[in-house]
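Asks: Please arrange chain B on chain A, whose structure you already have, making use of the hints.
Order-wise, the sequence lines are chains A and B. So that you can map any letter, position 111 of the first sequence is 235 in my numbering, and since no number is skipped, the others follow by simple counting. So that you can map any letter, position 159 of the second sequence is 165 in my numbering, and since no number is skipped, the others follow by simple counting.
Incorrect hints may have been included.
Stated by the list, open to error - Derived DEER-like restraints, expressed as beta-carbon distance ranges:
no.: 1; chain 1: B; residue 1: ALA249; chain 2: A; residue 2: ASP242; range: 30 to 36 Å
no.: 2; chain 1: B; residue 1: GLN192; chain 2: A; residue 2: ALA156; range: 50 to 56 Å
no.: 3; chain 1: B; residue 1: ALA274; chain 2: A; residue 2: ALA160; range: 37 to 43 Å
no.: 4; chain 1: A; residue 1: ALA156; chain 2: B; residue 2: ALA428; range: 35 to 41 Å
To be verified - From the derived model, a few chain A residues whose C-beta atoms are all more than 12 Å from chain B:
no.: 5; residue: PHE165
no.: 6; residue: GLY168
no.: 7; residue: PHE170
no.: 8; residue: ASP171
no.: 9; residue: ALA213
no.: 10; residue: LYS226
What the hints assert, rightly or not - Chain B stretches covered by chain A per the calculated footprint, using a threshold of three residues with CB under 8 Å from any CB of chain A:
no.: 11; stretch: 231-237
no.: 12; stretch: 253-266
no.: 13; stretch: 295-306
Because the hints were derived from the structure by calculation, they are not lab data. What you are looking at is a predicted structure, and each value in this text was computed from that prediction instead of being measured. Cβ atoms here follow ideal geometry from the backbone N, Cα and C, with glycine treated the same way.
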Amino acid sequence: MPVIAVLDDDAAMRDALRDLLQVAGFTAIPYAGAQAFLADFAPGRFDLLVTDLRMPELGGVELLRRLRAMGANLPAIVVTSSSGPQTKAQALREGALACLTKPVPGDVLLRCIGSALDRG
Amino acid sequence: MNEPLSIVSERVGAAAQPVRHARPPRAEEDAGERRYRRLLHRLPIALVQIDARPLAAVLGALRSDGETDLSACLEARDELVRTVRQIMYVTDANQAAATLFGAATADALVRPIDFLFQVAPEAARRMMIACFEGKRRHVELMKVRKLDGRVIDVELTVTFPVPPEQLDMTLLTFEDVTDRLRTEAQLRQLQADYSHATRIATLGELASSIAHEVNQPLAAIAMNAETSLRWLSRDDPNLAKVADLTARVADSAHRASEIVHRIRAMAARDVPERGPLHLNEVVREALLFVHHDIEARAIDLSLDLAAGLPRVMGDRVQLQQVIVNFLVNGLQAIGQGNAGRGRIEIGTALDEKGAVGLFVRDDGPGIDPENLDRVFDGFFTTKKDGVGIGLAICQSIVAAHGGRIVAANHPDGGARFSFALAPAAD
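One chain only, chain A, in its complex shape:
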């Protein structure tokens, strides 16, 4: 069963993502911020990352950059609310496979996740 890390500073959103992934048959591990996720990260531990962009402490773009720099090779999907097109473009440049805008229809997110996992 693929393991997906879920990063969102908003607790309600984080729980909602976790439960959607759960009902779709994934194991979802929620994190409130990038620092907590990085502390938990180990190569091979996760199959996919679903992350918000605007987060306190460490933003999503910077997190993707760091993951790339450490050669993590972790496919990532961004789910964000009000990030501008520039930030989204940055996230895509840093390797995100898709940038989805909240509210994201469940089937769209699951389809993206499916194709990301197929690729990996």
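Replies: Okay, now just chain B, sitting in the frame of chain A:
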């Protein structure tokens, strides 16, 4: 119960009668008296002379009966005030008074003082109390009815002569303040309009932040609802999961509605509502409006809210507006060049005088010392597209709360805005 008034009328005798120039003119008084009357009649301010000796007699009788608290006494014996209004007479009035009351001649005002207190009988009571307490002057805003029936706002000044035998020359002046009060009301309205306009402008500036705050719970609701449907459409529906998800849908819906409610309160109402408030709560609510801008711009926010602060009397929305304005100013200051790393400190504390204080400090370029005195002036702004109303409104809101607002530069750089309010009396 005794009847002081019958004693009174016996004691004061002729003084109670409505006779103009009641005292017989004496030769040595004549010249001075004539000059005084000329002056009285020529003064451009509405002047009415009344004979307050019957009042002094009533009060004297009450005092010799052991009465010390006239206020309570008159509360219980309403008829005393009514009687005094009948037995005291206007003995002279000038042309300005005739004009103010709409009388054809000044003589038309020579009659019992009753007509002066028809709209505001409580003013007669307060005048009596002032006399009882030995005050020389009594001033109050009241309403009077003109002889044509129109009611106007006046400022009444009563001057009691010190020697009791001259109480027949007690002077009342009336200043028509109808225009002044109307102007004041217009100014208040104008201020409320400005205040409203700045709130709307502030909300406009915060639109993307607010949209995010509302969108977040809505996104969670949509996703939870979809997840519930997925659980339900399974061959073995997981009802416990669905119940949990439904509860969270309700939570998020409440959160969204609470945010909308706050925004509407900020946008719509302009009639202040005072009540005891915890300033820390107001700070947290204000942060809701700028929370997202602060995070999106990776601004380092430090919150230092003192515990156990006494509550303050105030209008929640107005104080929120002041704090949001401080925060928006801070955010904009940080946007000006790269003076600091982007840090905002907000804190509350009890100051040395026992007032509840709030400050917001940024690490932007600070305020040009030349402008420090002017930042609260209406229309003063150093921003390219600012209108300069924000801080002026903040100042008037804080002043209306009986507090003090201060703009300063922090010794380590950046601007520091603060206000302090007296704690609410419990």
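Asks: Run every hint past the structure and note whether it holds.
Replies: So, going through the hints one by one against the coordinates:
Evaluation of the 30 to 36 Å hint for ALA249 (chain B) and ASP242 (chain A) yields a pass: the beta carbon distance comes to about 34 Å. Between GLN192 (chain B) and ALA156 (chain A) the beta carbons are some 53 Å apart, a value that agrees with the proposed interval 50 to 56 Å. At roughly 40 Å, the beta carbons of ALA274 (chain B) and ALA160 (chain A) sit within the given window of 37 to 43 Å. Distance hint check for ALA156 (chain A) and ALA428 (chain B): the Cβ-Cβ separation is about 40 Å, which falls inside the suggested range of 35 to 41 Å.
Once the 12 Å rule is applied to beta carbons, PHE165 (chain A) is consistent with being away from chain B; the minimum gap is 22 Å. For GLY168 (chain A), the non-interface assignment is confirmed: its Cβ lies about 28 Å from the closest Cβ of chain B, beyond the 12 Å cut-off. With a closest Cβ-Cβ approach of about 21 Å to chain B, PHE170 (chain A) is found to remain outside the 12 Å limit, as its non-interface label requires. For ASP171 (chain A), the non-interface assignment is confirmed: its Cβ lies about 20 Å from the closest Cβ of chain B, beyond the 12 Å cut-off.
For ALA213 (chain A), the shortest C-beta to C-beta distance to chain B comes to about 16 Å, beyond the 12 Å cut-off, and the non-interface label holds. Distance to chain B contradicts LYS226 (chain A) as a non-interface residue, since its nearest Cβ pair spans about 4 Å, not more than 12 Å. Interface restraint, the stretch 231-237 of chain B with chain A: holds (4 residues with C-beta to C-beta distance below 8 Å; minimum three). Given a C-beta distance limit of less than 8 Å, the hint that chain A covers the stretch 253-266 of chain B holds, as 4 residues qualify and 3 suffice.
Given as covered by chain A, the stretch 295-306 of chain B passes the check, having 4 residues with a CB less than 8 Å from a CB of that chain where 3 are the minimum.
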